[in-house]
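If you read the sequences in order, they're chains S and E.
Counting in this note's numbering, the first sequence runs without a single skipped number right up to 117 at its last residue.
Counting in this note's numbering, the second sequence runs without a single skipped number right up to 227 at its last residue.
Hints are computed from structural coordinates only; laboratory data are not their basis.
One or more hints might be untrue.
[As the list claims (entries may be wrong)] So, partial list: chain E residues that the calculated Cβ filter (under 7 angstroms) puts toward chain S:
1. R154
2. C157
3. E160
4. P161
5. T214
[As the list claims (entries may be wrong)] As a list, the in silico DSS-like pairs of lysine-lysine whose alpha-carbon atoms are at most 30 angstroms apart:
6. K162/E x K64/S
7. K41/S x K66/S
8. K66/S x K196/E
9. K219/E x K41/S
10. K55/S x K20/S
Glycine residues also receive a C-beta, built at the ideal position from the N, C-alpha and C atoms.
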Amino acid sequence: GAVVSQHPSWVICKSGTSVKIECRSLDFQATTMFWYRQFPKQSLMLMATSNEGSKATYEQGVEKDKFLINHASLTLSTLTVTSAHPEDSSFYICSASIRSQIGETQYFGPGTRLLVL
Amino acid sequence: RKEVEQDPGPFNVPEGATVAFNCTYSNSASQSFFWYRQDCRKEPKLLMSVYSSGNEDGRFTAQLNRASQYISLLIRDSKLSDSATYLCVVSPPGYSTLTFGKGTMLLVSP
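Produce the complete structure using the sequences and hints provided.
Printed below as a string of structure tokens:
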């Protein structure tokens with residue numbers, strides 16, 4: 001099946017640091033990539049939708065200047081958490097979608113755990 | 118009303134038991150439906166898509182009732198390895214975004 005990788009798998013950083021997370025589709029070109037965030041015991045919440053070569057579409061309540069998304073190619077999207085604070089500590093998961101005859105399927109990366117001290 | 122609501126769980130069942138998960142969604146125009154499985158501290162993985170006619174994959178059976186805006190997942194002959202959180206996921210028409218339920222945790226014990 002389709003494989004999506006994320007790097008790094010976990011990050012511990014000091015408050016005020018910027019953190020960059022990479023999401024790659026390894027064996028396919030993704031129509032669209034998505035960034036989610038999941039707090040403990042909560043559901044995944046979509047942060048933004050990203051199409052290659054265009055600006056990301058952010059969900060309501062997600063600050064685009066704080067969560068910078070770059071989608072440079074059909075296989076790579078990056079999320080940068082700028083000036084991270086402890087409340088940004090969360091599980092960040094990306095997904096990449098493939099469009100087929102039966103519809104669109106999202107494949108998820110393994111996630112990145114961010115802990116901001 | 119939340120967009121996707123699931124039984125809060127956790128469900129504790131012995132091996133071999135049959136367990137059913139329920140899910141309701143609020144957007145009547147939703148077009149695509151899925152069950153995902155998420156293991157502890159891992160990413161969600163697609164378990165199965167849910168079709169209007171209902172569909173079965175081995176021990177797993179998914180049903181969709183559009184009139185009631187209700188989705189179900191039935192697991193027969195539970196295995197220890199079925200222990201996970203099961204996420205009900207809905208997608209609106211024409212969009213590729215997914216809306217996740219909070220998940221229902223299943224714990225299968227020996």
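Of the hints stated earlier, which fail here?
1, 2, 8
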